[in-house]
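Novice: Given the coordinates of chain A, work out where chain B should sit on it, guided by the hints.
Chains A and B are the protein sequences, given in the same order. For the first sequence, the residue numbers in our numbering are 108 to 311. For the second sequence, the residue numbers in our numbering are 108 to 311.
Hints may contain errors.
Chain A is faced by these chain B residues, among others (derived, beta-carbon under 8 angstroms) [as the list claims (entries may be wrong)]:
| hint | residue |
| --- | --- |
| 1 | M108 |
| 2 | S183 |
| 3 | G184 |
| 4 | K187 |
| 5 | R288 |
| 6 | R290 |
Using C-beta positions, here's what the derived DEER-type ranges look like [said to hold, decoys possible]:
| hint | chain 1 | residue 1 | chain 2 | residue 2 | range |
| --- | --- | --- | --- | --- | --- |
| 7 | B | F126 | A | E208 | 57 to 67 angstroms |
| 8 | B | I117 | A | K192 | 16 to 26 angstroms |
| 9 | B | D205 | A | S129 | 32 to 42 angstroms |
These are calculated hints, taken from the structure and not from any lab test. Think of the CB as a built atom: it goes at the ideal place given N, C-alpha and C, for glycine as much as any other residue.
Number of protein chains: 2
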Amino acid sequence: MEIEKKSFEIIKGELGDEFVSSYPADALPLLCRVIHTTADFSYRDTLTITDGAVEKAREAIRRGLPIITDTTMAASGINKTAAGKFGIEVHCFIGDEDVKEAAKESGMTRSAVSAEKAARLYPECIYAVGNAPTALMRLYELIEEKKIRPALIIGVPVGFVNVVEAKELILRTDIPAIVARGRKGGSNIAAAICNALLYEAGGR
Amino acid sequence: MEIEKKSFEIIKGELGDEFVSSYPADALPLLCRVIHTTADFSYRDTLTITDGAVEKAREAIRRGLPIITDTTMAASGINKTAAGKFGIEVHCFIGDEDVKEAAKESGMTRSAVSAEKAARLYPECIYAVGNAPTALMRLYELIEEKKIRPALIIGVPVGFVNVVEAKELILRTDIPAIVARGRKGGSNIAAAICNALLYEAGGR
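Chain A with its partners taken away, still in its complex shape:
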């Protein structure tokens, strides 16, 4: 905790006073935690938080809505003690037998099928995507079809194919969203954003 405090001071110092004081106060802890997780200051320019998304996230957390992730790695990185304080369950369906089977039958990715499973079980949720652009693209379709309505989408898949496009698609919906534009992202970043939101909501 001591080291984390010192790290955040270094991060804010390198971001600079002018930037820090002009950045939305409720979004700053998110940006700092993403940089803390990656040591990559380029998220300063790519982290995109839609209007009111942090406030909506706080409401969702206080209501104890479940967090769904696209990877076990993202699920594993979420602080369960902090989540537990709000009665929040963390789910990832990627390894479920029914998801594997449906993916095989349909030719869709397991990540896309997982989004469908979430739509059936938890149409209201926080959906965090750290890896699979296909998860974001299927989420977009399910939102359009009014089959899912996440309280928040964290859209930070990483990669070189369809990733940039999938993120822009999500930003076109009216769902509150936290997105790292461009190629960069990752399961660790999805988890870091969830943790920052949990901590800011009072989970630590």
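Specialist: Okay, now just chain B, sitting in the frame of chain A:
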């Protein structure tokens, strides 16, 4: 798999022919997978692989030596099917009750205590550190004390305090090492390097 193939082609294209043909052939799949995991080309300049480390890693994998990680997230990101092909177990001790207690009593971090537990149980192992510089620093001491002798250390913690120094310390030992110099790294990168090594050894 199709998308991964395309991604690797994009990565090699952006690295450039000259770079790709001059980079050590056995290390290239590691670098490409790290970039694939992060979309961050700066690893081109920071990924440091000591002489013969990839060959030593291959031997260790074929012998089925266990992989120890400092975080559950890194453990979670390692492809268990690929590891299983070599009979490789993946362990992370950070959440173990005895580690928690020993950390409380000693004032050491849980990551450092985990390194001690590994020294007792698996003095010969692949040790992958994606988060905690204290794990690397304790590993360094245990190596000096001849209490642990990993076949390979993957040293890619991320952060702003003691991280750069801890990585340099490991590079000073004679243990084969794969290190991302500087501040950057992460549990996702530790897992990506493990997976690249497993795949190159024939795990996929």
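Novice: Does each hint hold? Answer for all of them.
Specialist: Consistency of the hints with the structure:
1. M108: Status violated, d = 11 angstroms.
2. S183: holds, 4 angstroms
3. G184: holds, 4 angstroms
4. K187: With a minimum Cβ separation of about 10 angstroms from chain A (threshold 8 angstroms), the hint on B:K187 is violated.
5. R288: violated, 12 angstroms
6. R290: holds, 4 angstroms
7. B:F126 / A:E208: 57 to 67 angstroms: violated, 43 angstroms
8. B:I117 / A:K192: 16 to 26 angstroms: Cβ of B:I117 to Cβ of A:K192: about 42 angstroms, so the range 16 to 26 angstroms is violated.
9. B:D205 / A:S129: 32 to 42 angstroms: violated, 48 angstroms
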